[in-house]
Amino acid sequence: MITEIPVYNIETSPDGLYHIFESIGSQKNTKKMVVYVPDENKTNLFQLIFGDVTDDHTLDVFAISNNQDMKIILVTVIQTLYAFFEINPTKKVFFTGSTDARTRLYSATISNLFEKTEIFYHIYGLLEDDSTEPFSKTGYYKGYFIEKNHEKRT
Amino acid sequence: MKKELNFLGKDESKVKINPNIPKINLDTPELKKHLHKISQILENVKVPFESIETP
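First to last, the sequence lines map onto chains A and B. The letter at position 133 of the first sequence is residue 133 when you use this note's numbering, and the numbering goes up by one with no holes. The letter at position 54 of the second sequence is residue 208 when you use this note's numbering, and the numbering goes up by one with no holes.
For the record, the hints were derived by calculation from the structure and aren't laboratory data. Some hints here could point you the wrong way.
Claimed, not checked - Straight line, CA to CA, 20 Å or less: simulated PhoX-like cross-link-like pairs of lysine-lysine:
hint	chain 1	residue 1	chain 2	residue 2
1	A	K31	A	K116
2	A	K148	B	K191
3	A	K116	A	K137
4	A	K71	A	K31
5	A	K137	A	K148
6	A	K31	B	K200
7	A	K148	A	K116
8	A	K71	A	K116
9	B	K170	A	K31
10	B	K200	A	K142
11	A	K28	A	K71
12	A	K71	A	K142
13	A	K142	B	K191
14	B	K187	A	K142
With the hints as constraints, model all of the structure from the sequences given.
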């Protein structure tokens, strides 16, 4: 066990591209979905997006739930990487916040989580000047590239 | 809510495969705009994995 972090139960589609879970708040519960969408330009690269499932069956990536569970949600989102890569082991993922403000808000939590997952994934950070570097906990990134680490799996 | 997050996923009960996950519509103007924005960010980025190809 790496650490104890709460995580919501996840249901995953057989192709590993859709993951649904429920954010539990004191006032309301909110259905959330993580979707891995093929990038329109780069083969084998998938964009990780997530948000609230709306009443008309679409995804609101800008929704604000105010359930005070951002960290649990982010842990759950990161957890979906496991299922995605189990089913799509050769694919790669790009992850960023839906807005610049959210990317900044998520940064510290994501860095802590990625530090714990480094042995399972290769992670690169996208810098402001559009260059990349191997992930460092102290780096500030506007996005993350992730692939499964096929070498160090224990 | 589950405790003891296992990033290795050896406990498969933490992620349940469900073939009946409700399909959602990703083909909305807002989502298409958002996905396109990310693609634009990535367009000039050299992705740091060898097997990534730009058609």
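Violated hints, by number in ascending order, as checked against the structure: 1, 2, 6
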